[in-house]
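J.: So the chains spell out like this:
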Amino acid sequence: MAIQAARFQELRLDKVRRDFGHLNALKGLDLRIRQGEFIALLGPSGCGKSTALNCLAGLLPVTGGSIWLDDRRIDTLRPEDRGFGMVFQSYALFPHMTVRRNAAFGLMMRGVPKAEAAKRVDEALAMVRLQAQADKLPGQLSGGQQQRVAIARAIVIEPPLILMDEPLSNLDAKLRLEMRADIRRIHDRLGSTTIYVTHDQEEALSLADRIVVMREGTIRQVGTPEELYARPAHLDVADFMGYRNRLPGRIVGREGNTAMLEIAEGARLSGLLCEETNGQGVIAVRPEDLTTAHDGAAGVPGTVHAVEYRGRSFHGLAIGPTGQELFFHTENRIEIGAPVRLTADSSRALVFAKEAA
Amino acid sequence: MTARTQSPLLAAPGRRAEEVGPSIKQRLAARGLDGVTLLVLPGALVLVALFLYPFLYGFILSFEPKEGGMFSNYARFFSDSYLYNTIWTTLRLAIPVTLLNLLLAIPVAFRVRLMRHQRLLTTILILPITLGTVLVAEGMLFYFGAQGWFSRSLMALHITSAPLKLTNSYVGVFLSLLITGFPFTFLLTLSYVTGIDPSLEQAAATLGAGPRARFRHVFLPLLLPGLAITFCLSFVQAYSVFPSAVLVGEPARATRVISIAAYHAAFEEYDYSMASAIAMIMGATQLLVVVLVLASRRFFYRGPVAGAKG
Chain F
1373 MAIQAARFQE LRLDKVRRDF GHLNALKGLD LRIRQGEFIA LLGPSGCGKS
1423 TALNCLAGLL PVTGGSIWLD DRRIDTLRPE DRGFGMVFQS YALFPHMTVR
1473 RNAAFGLMMR GVPKAEAAKR VDEALAMVRL QAQADKLPGQ LSGGQQQRVA
1523 IARAIVIEPP LILMDEPLSN LDAKLRLEMR ADIRRIHDRL GSTTIYVTHD
1573 QEEALSLADR IVVMREGTIR QVGTPEELYA RPAHLDVADF MGYRNRLPGR
1623 IVGREGNTAM LEIAEGARLS GLLCEETNGQ GVIAVRPEDL TTAHDGAAGV
1673 PGTVHAVEYR GRSFHGLAIG PTGQELFFHT ENRIEIGAPV RLTADSSRAL
1723 VFAKEAA
Chain L
371 MTARTQSPLL AAPGRRAEEV GPSIKQRLAA RGLDGVTLLV LPGALVLVAL
421 FLYPFLYGFI LSFEPKEGGM FSNYARFFSD SYLYNTIWTT LRLAIPVTLL
471 NLLLAIPVAF RVRLMRHQRL LTTILILPIT LGTVLVAEGM LFYFGAQGWF
521 SRSLMALHIT SAPLKLTNSY VGVFLSLLIT GFPFTFLLTL SYVTGIDPSL
571 EQAAATLGAG PRARFRHVFL PLLLPGLAIT FCLSFVQAYS VFPSAVLVGE
621 PARATRVISI AAYHAAFEEY DYSMASAIAM IMGATQLLVV VLVLASRRFF
671 YRGPVAGAKG
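Line by line, the protein sequences give chains F and L. If you read the first sequence in my numbering, its first letter stands for residue 1373, the second for the next number, and so on. If you read the second sequence in my numbering, its first letter stands for residue 371, the second for the next number, and so on.
Pulled out of the complex, with its shape left as it was, chain L reads as follows (with noise of 0.2 Å):
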């Protein structure tokens, strides 16, 4: 290296800065420019390739409508309540099944928090990830349905009289929903919960808090702003749901959710304009949620969630 070594003393004062400053590959160098930066460029493409372009063709095709002017789809999706519904649709199960495993998540990840055998427990809880949507809402047609094993044990235990209707129904794909969503929810919460420090319960404890105090006043301010993360990971999950929407769902009218819109537009009217549209509508309802969610983190203690530094 070249790089001319300075010492401050022998730096006259009115000597200009360039003269003694460090050369050009120094000074990238300390704005964090240097050859691992170079890394990032297969990754950067494949962005670019898979997310940006495809996004941008599709906004751009959403502005140019098989009839009427640039903003022709718009309008229709939103003067079409047979369309417009579907934002409603979609919320309706994303947000309060996205809650409910929250709520579901919190108290499983604080009992986990304590067991030794978490690994195996964490592991029976990862499998309804691996078995994929469509799986789980075929097991359900086969135990929540009309047919199914629980309204037929129901029935034979004369506890209802007719077939609950828990598939084909909004119940349906809330239920398979939650099946889904809960691993994932509960293993983002539950990396939350231990990554708080045991010693911070301790501490309130000795100073008095029972349990609901300690809860109250030291774990969940600290968890906020992850579960605030853990609550749009999952959400934005659920929003987009499709598979369980048609399989166990009410596909025509409970649970027409944006995404079966987008389908239709696409593959039955054969109109992708119109498809790109709902499907900017999608990602800009999305957004919107995740956005509000995320800004209500200012409101929480943001900051390192262990007693000391090391």
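Here chain F stands alone, though its shape is the one from the complex (with noise of 0.2 Å):
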């Protein structure tokens, strides 16, 4: 039969911690995961995802909490006895080994019969289409065949939980779309479970059906792409989804959930109140959400500062009355120089908590 995911209901993260000496890398994770989902880690540099991929590898031992596969704990065992599959950001391919003893090193160790091994290996390496690099070492492939083994070699073990560490992130841009494509293939086709780590927000919303945001070793919002991408919980998660506009502001009116804010004399902008805010707020936008304004209407004085030409429309920067950068698309030529009062539907403007500082 052809390769599959082990089985399994649930995995689980129970405050899971992991300190270095006084830094708390993870500080205290709740996750879980059914069988068969894409999840991505998503976060900036620092911000313990990785950390927590290696906790649930068993190649960093967790500090405090514990970690459950169903009903048996795993956060004790050795990574060996895990069985999870891990695709590393450097492929980490035995250099010493052709492409298949590289795929077949995982059944090796696990004894399976030379015959069965050789089987698998080349269902492996057709799925990841390195058939004909079966006999090279690793050496001798560009950077995507690589990346492309490491997946054969992880996936052939049947593993419960298959954890890539930010694998696209040595490929060129154009590789990095199709081996995207190609991971979420064969995660599909396996009905695998993949905890994929990565700082690229697009990269996530493609490919992920949850995204768990990480920043400074918590979790701050867990949600499907779409949920993520319209409606993000709090502004440093607004900030990695795109919501390149932040501005602070005086509340100033409030009408059902949509709130009315000041950000410098005579510059008001509206948007959805997502969290409660204490007179103070910052009002998140999109800049293909800002956009020009018609005479008379409200919205944000500025002066155009740059202006580039993106075929379907012109990408802006502004400065606003107090010298914030502001980004904004517009359908019509502008002058640098010129004054522009710029405004965004309410409904695609997002009102977020002052963060303490």
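The hints are simulated quantities; they were obtained by calculation from the structure and are not laboratory data. For every residue, glycine included, the Cβ atom is placed at its ideal position computed from N, Cα and C. Incorrect hints may appear among the rest.
Unchecked claim - Beta-carbon label-pair distances, calculated as ranges:
| id | chain 1 | residue 1 | chain 2 | residue 2 | range |
| --- | --- | --- | --- | --- | --- |
| 1 | L | Pro568 | F | Gln1512 | 18 to 26 Å |
| 2 | F | Leu1395 | L | Leu469 | 37 to 45 Å |
| 3 | F | His1677 | L | Ser561 | 48 to 56 Å |
| 4 | L | Gly391 | F | Glu1680 | 58 to 66 Å |
| 5 | F | Leu1395 | L | Pro568 | 51 to 59 Å |
Take the two lone chains and join them into the complex the hints point to.
T.: Structure follows, in structure tokens:
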């Protein structure tokens, strides 16, 4: 029978902590992952996403909490006893073994009979389209091919969980897109459960069923790509989701769940209230939602500082009344130095609490 | 520069190569010969003056014996058991010492590679190198000698009834070579061990390989070529043992190594020709072992030991 992911119900992280001396890389992570999910751990570097992955793999012992695969506690197991497949950023192929032997390594360690191992390796190599390279050494392959060997090596052991640590970050842009599609295709075909660490929100949005946004060792938000994209729960999540304009101001009006923010004298924007605020807030707007207003409409005045033609529209940067940078899109050509009034539909702007600095 | 730049589009197919080819200077540079190459000259001169000339001089001298034909020095060496046995005596010391040092260095290096205060430990381990063989031998005489603390402690504890013969014997030289040779072997081994990408071990672990399997299937194959080099360099050092063979050994019998035979010929018999012949034989036997070990490397993988190309 074809390669298939091992079955389980639920992977549970229970207040998982990891301290490095005084540094708390993970501050009590709680997360439940169902069989078959594609989970992206997303966050800036140093947010603890790789630490979390290494704790799952067993390469780093946890310093608190526990990890459960159904009823089995796994955080106390050695990595070799967990049986998770892992794909490393640096590929970590064994340089002295051919592609075939690399892929067969996990099966050899499990004592799978040679004939069956060969069959499964062939199948895994076919899945990553590397049959022709089977007898080459890793050093003779391109980066993309090496990463595909690493994926084949991880899936051939039919792991319940596949862990990927920024697997595409060493590849060029075009290859990244190709490999992204490959990774999702393999995930779907094997019915595997994948945890994918990345700092690239586009990768996370396009690949994952659910995204876990992390920051400073804690989970900030968990949700589907659509949820995260439309309704980030916190300002820092919004930042990751492309809300490039983040303007602090005072809340001067409220109507239902829409709040009006005064950013500066005569500069007002309204948006959806996402968090309870104490009169001060930050309004976040994507550049594509901030656009030039018609005469007389409310908005933020500014002076055009830079304009780029991008085909369908112009991408501009304006400087606001108190020096704020305002990234906006517009359909009409605007001269540099010209005054503009920028506004956004209140359903496309989000109001967050001002963060404690 | 007067280089003629020639577009390939302009070069007519029938034209002769030298008309459009690069200048001599460019062609030499393409083969790696340019101004910078001249910087090799001082080094080459030193090598000729301090190594090649004495070597050739000795080589020729060894064929000009005090009496007899051209090869009589060599004939004498290989017909006199007192002389040819020195090869075996030296090998009997150098090979086990080198192997033992390697066997000790590997586990220590594997532990040290994980340590944070590597530098301190490394410094401590380097000390015996800086001390030199003579000081080590002297220390051993005090410590391991018949009246040394070691034997006296053992006797005081009633573990032995007579002093152990740890110096002025094979064991003495063996220990002294072990002490002076270990740091060197260890440092080389450590550099090879730490040169292996740690993610390879992690990958092997996630694939189900326990510590033993990781060593056998990942580390060992990647280390073997480096260990072969380490063996050669450590062996050459041990093979030319002289001071400790005299000081803590039994230079008349059990540790009459080949360098003692050469010394004996040169400075006691004043037969420089014979001494040169012995030195040549010493070099040849050393070379033989080194060549055998290095040749065995072709059975191993010898590429980069990192997982990926940067």
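J.: Has the hinted range 58 to 66 Å been met by the Cβ atoms of Gly391/L and Glu1680/F?
T.: For Gly391/L and Glu1680/F the Cβ distance comes to about 48 Å; the hint is violated.
J.: Take a look at whether the Cβ-Cβ distance between Leu1395/F and Leu469/L falls inside 37 to 45 Å.
T.: At 44 Å between Cβs, range holds.
J.: For the hint 48 to 56 Å, verify it against the beta carbon of His1677/F and that of Ser561/L.
T.: holds (54 Å)
J.: Verify the CB-CB distance for Pro568/L and Gln1512/F against the hinted window 18 to 26 Å.
T.: holds (23 Å)
J.: Is 51 to 59 Å respected by the C-beta to C-beta distance linking Leu1395/F and Pro568/L?
T.: Violated - the Cβ-Cβ distance for Leu1395/F and Pro568/L, about 20 Å, lies outside 51 to 59 Å.
The structure does not agree with the numbered hints 4, 5 stated previously, though it agrees with the rest.
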